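Q: With these hints in hand, go ahead and build the complete structure from the sequences.
Residue numbers (the numbering used here), protein chains in the order written: chain L, 1 to 114; chain U, 115 to 233; chain G, 234 to 398.
Note that these hints are calculated values from the structure, not bench results. Heads up, a few of these hints could be off.
Here are the simulated DSBU-like pairs of lysine-lysine, each with C-alpha atoms no more than 35 Å apart in a straight line [to be verified]:
(1) L:107 with G:380
(2) G:330 with L:107
(3) L:102 with G:336
(4) L:107 with G:336
(5) U:224 with L:102
Pulled from the structure, derived: some chain U residues nowhere near chain G, Cβ distances all over 10 Å [unchecked claim]:
(6) 135
(7) 140
(8) 148
(9) 155
(10) 168
(11) 173
(12) 184
(13) 200
(14) 217
Residues from chain U that keep clear of chain G, each with C-beta distances beyond 12 Å, as calculated [to be verified]:
(15) 116
(16) 124
(17) 132
(18) 137
(19) 145
(20) 150
(21) 162
(22) 174
(23) 191
(24) 204
(25) 209
(26) 211
(27) 214
As the structure is a prediction and not an experimental result, all values here were calculated from the model. Note that CB positions come from ideal geometry on N, CA and C, so glycine has one too.
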Amino acid sequence: MNETIGMFFIIVGLIFDFFGCLGLIRLPDVYNRLQASTKSVTLGTCGILFGLFLFKGFTAAGIKAILCILFILLTAPVSAHALARGAHKSGVKLWGKSVCDKYEEDKNALSKTA
Amino acid sequence: MKRLRWFLGLIIIIIILAIIIFYPFPSLLEWQSPLLRHSFFILFFCALFCLWRIIKGPTSADRAVAIDILGILVLGFCAILGIPTGRDWYIDIGIAWALQSFISTLALSKYLEGRNFDE
Amino acid sequence: MRKSQIILFILALLIWSFLTWPPDLQHLIIGILVCGFVSFMTGDLFVKRPHRFKQFTRYLWFLYYIPLFIWECIKANIDVAYRVAHPDLPINPGIVKVKTTLKSDTALTFLANSITLTPGTMSVDIDEENGFLYIHWIDVKDKDIQKATEIIVKIFEDVLRRIFE
Numbered sequence: 001m002n003e004t005i006g007m008f009f010i011i012v013g014l015i016f017d018f019f020g021c022l023g024l025i026r027l028p029d030v031y032n033r034l035q036a037s038t039k040s041v042t043l044g045t046c047g048i049l050f051g052l053f054l055f056k057g058f059t060a061a062g063i064k065a066i067l068c069i070l071f072i073l074l075t076a077p078v079s080a081h082a083l084a085r086g087a088h089k090s091g092v093k094l095w096g097k098s099v100c101d102k103y104e105e106d107k108n109a110l111s112k113t114a
Numbered sequence: 115m116k117r118l119r120w121f122l123g124l125i126i127i128i129i130i131l132a133i134i135i136f137y138p139f140p141s142l143l144e145w146q147s148p149l150l151r152h153s154f155f156i157l158f159f160c161a162l163f164c165l166w167r168i169i170k171g172p173t174s175a176d177r178a179v180a181i182d183i184l185g186i187l188v189l190g191f192c193a194i195l196g197i198p199t200g201r202d203w204y205i206d207i208g209i210a211w212a213l214q215s216f217i218s219t220l221a222l223s224k225y226l227e228g229r230n231f232d233e
Numbered sequence: 234m235r236k237s238q239i240i241l242f243i244l245a246l247l248i249w250s251f252l253t254w255p256p257d258l259q260h261l262i263i264g265i266l267v268c269g270f271v272s273f274m275t276g277d278l279f280v281k282r283p284h285r286f287k288q289f290t291r292y293l294w295f296l297y298y299i300p301l302f303i304w305e306c307i308k309a310n311i312d313v314a315y316r317v318a319h320p321d322l323p324i325n326p327g328i329v330k331v332k333t334t335l336k337s338d339t340a341l342t343f344l345a346n347s348i349t350l351t352p353g354t355m356s357v358d359i360d361e362e363n364g365f366l367y368i369h370w371i372d373v374k375d376k377d378i379q380k381a382t383e384i385i386v387k388i389f390e391d392v393l394r395r396i397f398e
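A: Okay, here's the thing in structure tokens:
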């Protein structure tokens, strides 16, 4: 019974992983790619690890899988945030059809006053 | 034109999924269920998408994003490999890989900002 | 021993005993020695206000925060899958500015993390002095600061203030 539910979690996680990597190819600029892939791949890998926990139960590998889930949920958004900031500071423009860019305006205002 | 490209992409993805499911890829492990085996090869296919973005990416920021995502996918590989082999240390490799990938992503973002590592 | 050092010692020992799961005398002795040394050296770097660990209602609000976060996360993933698989790519991206009233570092980190994993938004930069967050939104509904704040931040801000502030 546990193995059936674990297999279900692994397959759902795999579908999310697949859509995340598809977004990495289809979307037009760095920020959109970062959004889609970070969200989907984080939750997808968490699903796979939870499936591993259901397969193994409360043994060494199962507890380590739970620790891994916590670790990924804490660090993946931080690295996405750092990459977006670095990309914006290195001068990567937003997509041509973007609506607004308040960050660029504020940076220009700061550099004029200073 | 846009719809035609979308449709071509859909057909290619369906063909590759069908190859993965119906063609018996050689592997040394004894998989407990065929679904687990298919899921391993589908994850491999996802990693190929990331490699395509690393090769093609127009700016260096795209490559850094793809490397970050590939680092998380390797954790999924380790988790799936832990089930059929029955060895617990695969998840240890996963934890170490996740730590190292997080730190390397932070270093890459510092490099993108144009700063030195000691700031 | 100060209170912050004792709290750090307990947290570190908990994580160590999970990493070496079947609890064992050897691992426990080594863990107590190393955790004691580490928490003695770096006690007041991580835990700055130890009296907050005693207030019981914070843990209850944290238990309320977890299912809220998981539900938003699943909604975000279905949203991303819809946008990626649609042939016309229905995206309308832009970077908007949002005001927050949270002050402490932990609360801001958790707020930025929850914003990144919820539907269509990702935090790009934080201006800590004035309390502004710059957010990349995949489907911009409103450019104004007030309305964007109501849509994006409102869900988590109350709960996080009750947990960390």
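Q: Going through the numbered hints above, which ones does this structure break? Give me the numbers in ascending order.
A: Of the numbered hints given earlier, those the structure breaks are 15, 16 and 25, listed in rising order.
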